[in-house]
Structures are given as C-alpha cells and as structure tokens.
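Colleague: Sequence:
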Amino acid sequence: MKLLHTADWHIGRTLNGYSLLDEQKYAFKQILKIAKDENVDGIVVAGDLYDRAIPSTDAITTLNEMFKELNIDNKLPIYAISGNHDGAKRLNYGRDWMEFNNFYINTLLDESFTPVETPDAQLFLLPFFDPMDARVYYQKMGMSEEDVKNIKTIGDAMSLVLKDIYQKFDPAKKHILVTHFAISPSATDIELTSETTSKVGGLETLNTSLFDKFDYVMLGHIHTRFASPSENIRYSGSPIKFNVKEAKVKSNKGLYIVDTNKKPNNDDFKEILPGTDLIVLNETWETLLDPDFYSKQPVNKDWFAITIKQFDRTKHVSTNVRAQLQEIYGTVVELDYDNIEKKNTDSDSSKNINKLSNEEVVDQFFESITGDELSKEQKSLVDNIFVELRGE
35 MKLLHTADWH IGRTLNGYSL LDEQKYAFKQ ILKIAKDENV DGIVVAGDLY
85 DRAIPSTDAI TTLNEMFKEL NIDNKLPIYA ISGNHDGAKR LNYGRDWMEF
135 NNFYINTLLD ESFTPVETPD AQLFLLPFFD PMDARVYYQK MGMSEEDVKN
185 IKTIGDAMSL VLKDIYQKFD PAKKHILVTH FAISPSATDI ELTSETTSKV
235 GGLETLNTSL FDKFDYVMLG HIHTRFASPS ENIRYSGSPI KFNVKEAKVK
285 SNKGLYIVDT NKKPNNDDFK EILPGTDLIV LNETWETLLD PDFYSKQPVN
335 KDWFAITIKQ FDRTKHVSTN VRAQLQEIYG TVVELDYDNI EKKNTDSDSS
385 KNINKLSNEE VVDQFFESIT GDELSKEQKS LVDNIFVELR GE
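This note's numbering numbers the first residue of the sequence shown as 35 and each following residue consecutively.
Derived by calculation from the structure, the hints in this document are not laboratory data. All values derive from a computational prediction rather than experimental measurement. What you were told as hints is all true, and nothing was included just to trick you.
The list that follows gives simulated cross-link-like pairs (lysine-lysine, DSSO-like), each with its CA atoms no further than 27 Å apart:
hint, residue 1, residue 2
1, K282, K343
2, K296, K208
3, K183, K413
4, K335, K67
5, K247, K296
6, K296, K36
Make a model of the complete structure from these sequences and hints.
Modeller: See below:
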C-alpha cells in the first residue's frame, strides 16, 4: 500500500495578520501533483486540518475545495484525524456520509478502535485526545471509578488505548497508525521547535516504545520532519512555514510517501516549494539600506521578517522605519529590534496555564484566592465534574 503522509495544514492561519491561504493553496497544488505522480493509494492528513476550533468561512471553503479535489475529482481515499487545533465535534459532522466515498475522518477517541481495512493493511486513525477524554471513554466502557481516576497522564491513557487497539490487529496485515502527539525516543530528548513545548495542557511527550507493535506510525503535531524519533515513526512536518522560527530552519517543507512493502528511506521525502517564502534578516540599519545588500534579496517577491541590530531609536525619531523598509523589501510581516527590551505580553501565570491540565488550573486558582490547596475530597469533586462535562 502506498500512502502520501502530510499533516498540520492549519488552514486559516495568519502570520502577524497576513493571511496564508494563498500560500496554503500553492502548497496543496504540489501535494496533489505528488500524489498523482506517485500514484498513491490514499492521502493521510495527520491532524490540525484547521488552525482553530471554529475556523473562518474562508478557511472552511478552502479546505472543502481541497478535499473535494482530492477525493471526488481525483478519486483519492483520504485518511484524516483531528489535531489539537481542530474542533473535534465540529469536524466530525458528515463523517458517516464521507465514508461512502472513501473519506475517513476520526475526531473522537471511541472511533479509533475500528480500523480502516484495506487488502493488505489496517489503518488506525487515532485523533488528538487528552487524559480526560480517555477517562470519559473508559468510564462509559464500564471501568471502575478507582481505575478511571488512575488515568492521570497522557502516558497512562495512551497505554490503555493502544492495548485495546493491539487486540484489533489482524496478523495477516500490516498495521499503520495515524496520530497527533509529541513522541520521542526518551520522551524528553527532542527539541519541539515549532508547535509545542515539552508539556502542553498537561500533555507530555510520549515514548516510542508504546508504539513498537506498529509497522509504521504517521505523525502530526510537530512542524518539522527532523523531530521524527525513528525510521518508521515519522513526522511529515507542515507543508509551509508558519513563523519566523520555522523560517530559520534551513530545510524545505514537504511530505512523505510511505510504501508499506518497502523499508523507509530518505528518498521517501518529497519537497514542497514555497510560493512566497519567508526570509529572515538580522542586520544593522545601515546594512539593510545598503543597495549592495538588498539587491541580493528577493525584494517585492517574498515576505520578510527583519530584526534591526544595534538600532538607536533616538537617532531615528522622525523615521517611519517599517515604511522605509517596506519601500525597499516589499512585505515586512515582522519587525523587531535586538537591543530593545522586549515586553513579554504573556504573564507568568498565562504561561503556566498553557502548561496545566484543567484540574491543575482550578487547583491553582483556588489556591490564589483562598491561600490553601484543594483538599483530597475537593480534588475528587473537581475531577468528577470535568469527567461529567467532557462526557456531555
């Protein structure tokens, strides 16, 4: 079976207010061409189809047109899952109808245990979920209250989920997993450069050993293929650059072609070239205004993220810096100064909140108001409330 593995489309994303839809459409045309040239048996989109849970009308229309061109116009099966940026229940709409046209999309945990069967492979589509989702699911399945409460980390949850998935294995077929998590060889030694930190919303990185029974694991969530933890557990990366940090990485975006009958190798990667690239410049004001320098740049073609080094604003009070740079370079999507103390718009508390689970947020709030930590009974009550809410 030959599959095209892509992920993290983030349709509807903007870069400092600039829409990336045209760039995403340009990348999609290349994805479609590669799929046709490689004569693949299907398209895998490993999560984060949209950039937010409630996408814009333009984003919905764009993704709909892309899927129509793949699935209806070119008869390509689609195997997709929701990621942490997607609205799982919204994306689930129409799922049953789509399967009649070989469009498979899983957004809820309980859908993950039924594989998509092909003549030589089983595809398990496991969307992004958190420990609370697992607790709701296993409570509905009759697990004891005490055992449900023991599902505290994503590692706890994933171990249970995979154990049940492994029981569905047909030994006569290859077993492929499509999922959307941070996975590393030791759960700590990969720098997650583009999408997440080592812990987001209470979710830590997972160890590759959990997935060792699969023949191949197609991942989304991290925007660079270089985060892939092994030959057969790989991130495709995102098809375009979404921020300056990604633009600084000196490698092209792309996707993987996965042939279940062959051993993975470097030739599996296919590049996707940018229509409008994001160029990062870190130079002095004098250099940026030097014709010998900017004549070598793709001015008025690509986008620029510019940091001005050693810039003394007191000497340029009457200068419209951005306007002057845009007159030379064209679109400047980001402008910064390396000698000015940057004000962190995120407070320490908001940073911490981004790394906490729902229960930990309540615990922290309670302590900030009362000065006391939640008691064991109170924590149990909060825990039960979140399970009930998630179940609804």
